[in-house]
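> The chain contents come next:
2 protein chains.
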Amino acid sequence: MSDFVQSLERGLAVIRAFDADHPEMTLSDVAKVTGLTRAAARRFLHTLVELGYMRTDGKLFALRPKVLDLGYSYLSSLGLPDVAQPHLEKLATEVHESCSVSVLDGTDIVYVARVPTKRIMKVMIETGTRFPAHATSMGRTILAAQDPAWLDSFLATTTLTPLTSRTITDATELRAELTRVSTQGWCVVDEELENGLRSVAAPIRNQGKVVAAVNISTHVSRPVDSVHTDLLPPLLATAEAISADLTASGGTLGR
Amino acid sequence: MSDFVQSLERGLAVIRAFDADHPEMTLSDVAKVTGLTRAAARRFLHTLVELGYMRTDGKLFALRPKVLDLGYSYLSSLGLPDVAQPHLEKLATEVHESCSVSVLDGTDIVYVARVPTKRIMKVMIETGTRFPAHATSMGRTILAAQDPAWLDSFLATTTLTPLTSRTITDATELRAELTRVSTQGWCVVDEELENGLRSVAAPIRNQGKVVAAVNISTHVSRPVDSVHTDLLPPLLATAEAISADLTASGGTLGR
Chain A
1 MSDFVQSLER GLAVIRAFDA DHPEMTLSDV AKVTGLTRAA ARRFLHTLVE
51 LGYMRTDGKL FALRPKVLDL GYSYLSSLGL PDVAQPHLEK LATEVHESCS
101 VSVLDGTDIV YVARVPTKRI MKVMIETGTR FPAHATSMGR TILAAQDPAW
151 LDSFLATTTL TPLTSRTITD ATELRAELTR VSTQGWCVVD EELENGLRSV
201 AAPIRNQGKV VAAVNISTHV SRPVDSVHTD LLPPLLATAE AISADLTASG
251 GTLGR
Chain B
1 MSDFVQSLER GLAVIRAFDA DHPEMTLSDV AKVTGLTRAA ARRFLHTLVE
51 LGYMRTDGKL FALRPKVLDL GYSYLSSLGL PDVAQPHLEK LATEVHESCS
101 VSVLDGTDIV YVARVPTKRI MKVMIETGTR FPAHATSMGR TILAAQDPAW
151 LDSFLATTTL TPLTSRTITD ATELRAELTR VSTQGWCVVD EELENGLRSV
201 AAPIRNQGKV VAAVNISTHV SRPVDSVHTD LLPPLLATAE AISADLTASG
251 GTLGR
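The listed protein sequences derive, respectively, from chains A and B.
Per the UniProt record's numbering, residue 1 is the first one in the first sequence, and the count goes up by one each step.
Per the UniProt record's numbering, residue 1 is the first one in the second sequence, and the count goes up by one each step.
It should be emphasised that the hints constitute simulated quantities derived from the structure, not laboratory data.
Backbone N, C-alpha and C fix where the C-beta goes; we use that ideal spot for every residue, glycine too.
Any given hint might turn out to be false.
Said to hold, decoys possible - Just a few of them, taken from the derived set where beta-carbon distance is under 7 angstroms, the chain A residues facing chain B:
| # | residue |
| --- | --- |
| 1 | Val5 |
| 2 | Tyr72 |
| 3 | Tyr74 |
| 4 | Ser76 |
| 5 | Val110 |
| 6 | Gly128 |
| 7 | Pro132 |
| 8 | Asp147 |
| 9 | Pro148 |
| 10 | Leu151 |
| 11 | Asp152 |
Unchecked claim - Cut-off 20 angstroms, straight-line C-alpha distance, at most; resulting in silico cross-link-like pairs (SDA-like, lysine to any residue):
| # | chain 1 | residue 1 | chain 2 | residue 2 |
| --- | --- | --- | --- | --- |
| 12 | A | Lys118 | B | Thr117 |
| 13 | A | Lys90 | B | Gly58 |
| 14 | B | Lys32 | B | Phe4 |
| 15 | A | Lys209 | A | Leu236 |
Claimed, not checked - Where chain A lies over chain B, by a calculated footprint (3+ residues, C-beta under 8 angstroms):
| # | stretch |
| --- | --- |
| 16 | 19–31 |
| 17 | 35–48 |
| 18 | 79–87 |
| 19 | 169–180 |
| 20 | 218–231 |
| 21 | 235–247 |
Turn these sequences into a full structure, and let the hints guide you.
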């Protein structure tokens, strides 16, 4: 395809080659991880150093904070975090639990705003963290709002990987659960993403269309009754407030 | 320079052309903002759509959440947020104020971890947010630890832009303040970044070298005495705890 700029694909692959297990790499390491020739890897690394996205001591290469500007372009263009954050902070203060907002990207949810309080998850959750949509309360909340043809295709093509012994992995069972979520307007997931984790989510709408979800994470030691009595009312109020502000702001999210 | 991959520079510029004021753009908009020809802009936009970083309805283009993966590569390779976040959460719970960690990038500080509680800043602070180092408590904390030659060059080449009527804009005055900060081991900044904002910061060290800073933001209505009595001891303890964990983790930050 002549319209495809392979150099851009390769340069982005060089950035993504770095992670917690590969914070610093030599030219040879980068060539190996990306499958590029040494000559090509050298050109991309030097370009990224030149542009301020990477640093090197001549031997080892590492990413610089400017890489965050790229993700910031997305978050800023989304408009959602700006709108959601004050409401999330208020909710977290009220319920004393971590609260988050996610959007759907393919078969994953991606966190776009978060106010952490108690640490329940084993995994660190940053903006940009992904989890499989089918096993999370925010994911099911967004999936439940999709049109039937889209959902048929999602269920036909997505492997419902179990993340704990309780994860729903049967498409028919998941579809029944999504119908229930759609009817009741919120979603609880118990220990399907991680043992010990109970989470409740509600939809965020832009001009009536579900474009994101907001949740509260808690521990299974909090009884389901308390989730219904203490967490659900402020969660639903927060989802409504974010939806109203998002619609009023003319945000492009989900348009 | 033959080693420079211009296509990568241009592709990254296309991503960065999108922001809160330009969440969706046509091909012509992108060409105008980036200075590319329409033909070049089309190739980069189509490549980004193909790679999943962008979506289009055929006319308007917008970024997709996958762009966050790029910033995530940096944060993940840093190791610092993982190490700092539990300590930040504990600190925020203890002092009931927003707490953050930043690193220095050029003349800016860049936020790499944050636990928001009360909203004091007018600006939304996401991971990746930048402020001029000279006007912030975290920036001065990191600047104060740099070697004299580096600091001379910084002060000779950086415009000390006033952000409020109280911002120090005189290089000699700033140097005196940095010496004081270096001696006392922490830094308070009052309303030099934003009116109403008082902030106190302490250095984070990796193997003895200052590589980042942690701060607590509060309102000027909290007396300076209370900053010294109530905020400084837990802040210093947090800075020590993060430094110890960072050093123990063998993190590459600042190496």
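> Hint by hint, note whether the structure agrees.
How the hints compare with the structure:
1. At about 4 angstroms, the closest approach between the beta carbon of Val5 (chain A) and any beta carbon in chain B falls short of 7 angstroms, and the interface hint on this residue holds.
2. The beta carbon of Tyr72 (chain A) comes within 4 angstroms of a beta carbon in chain B, closer than 7 angstroms, and the hint placing it at the interface holds.
3. Checking Tyr74 (chain A) against chain B: minimum C-beta separation of about 4 angstroms stays under 7 angstroms; hint holds.
4. The beta carbon of Ser76 (chain A) comes within 5 angstroms of a beta carbon in chain B, closer than 7 angstroms, and the hint placing it at the interface holds.
5. Annotation: Val110 (chain A) was flagged as interfacial toward chain B, and the flag holds, the nearest CB pair being 4 angstroms apart, inside 7 angstroms.
6. The interface hint given for Gly128 (chain A) holds, since its Cβ lies 3 angstroms from the closest Cβ of chain B, which is under the 7 angstroms cut-off.
7. Contact between Pro132 (chain A) and chain B, as hinted, is not supported at the beta carbon level, the nearest pair being about 14 angstroms apart and thus beyond 7 angstroms.
8. Here the hint on Asp147 (chain A) is broken, as its CB sits about 17 angstroms from the closest CB of chain B, past 7 angstroms.
9. This hint is violated: Pro148 (chain A) has a C-beta 22 angstroms from the nearest C-beta of chain B, more than the 7 angstroms allowed.
10. Interface restraint check: Leu151 (chain A) against chain B, minimum CB-CB distance 19 angstroms, threshold 7 angstroms, status violated.
11. Interface hint at Asp152 (chain A): violated, since its Cβ lies 21 angstroms from the closest Cβ of chain B, which is beyond the 7 angstroms cut-off.
12. The hinted pair formed by Lys118 (chain A) and Thr117 (chain B) meets the criterion: a straight-line CA distance of about 13 angstroms does not exceed 20 angstroms.
13. Only pairs whose Cα atoms come within 20 angstroms are accepted, and Lys90 (chain A) paired with Gly58 (chain B) is rejected, the gap being roughly 39 angstroms.
14. The suggested pairing of Lys32 (chain B) with Phe4 (chain B) is violated, with an alpha-carbon distance near 23 angstroms, which exceeds 20 angstroms.
15. Simply put, Lys209 (chain A) and Leu236 (chain A) have alpha-carbon atoms about 16 angstroms apart, close enough for the 20 angstroms limit, and the pair holds.
16. With 5 residues bearing a CB less than 8 angstroms from a CB of chain A, the stretch 19–31 of chain B meets the requirement of three and the coverage assertion stands.
17. Under a criterion of three residues with beta carbons nearer than 8 angstroms to beta carbons of chain A, the stated coverage of the stretch 35–48 of chain B is upheld, 6 such residues being counted.
18. Using a Cβ-Cβ cut-off of 8 angstroms, 5 residues of the stretch 79–87 of chain B lie near chain A, which meets the minimum of three, so the contact claim holds.
19. Look at the stretch 169–180 of chain B against chain A: 0 of its residues bring a Cβ nearer than 8 angstroms to a Cβ of that chain, fewer than three, so the hint is violated.
20. Residues of the stretch 218–231 of chain B lying with their CB closer than 8 angstroms to a CB of chain A number 0, which falls below the three-residue condition for coverage.
21. With 0 residues having a beta carbon nearer than 8 angstroms to a beta carbon of chain A, the stretch 235–247 of chain B misses the requirement of three or more and the stated coverage is violated.
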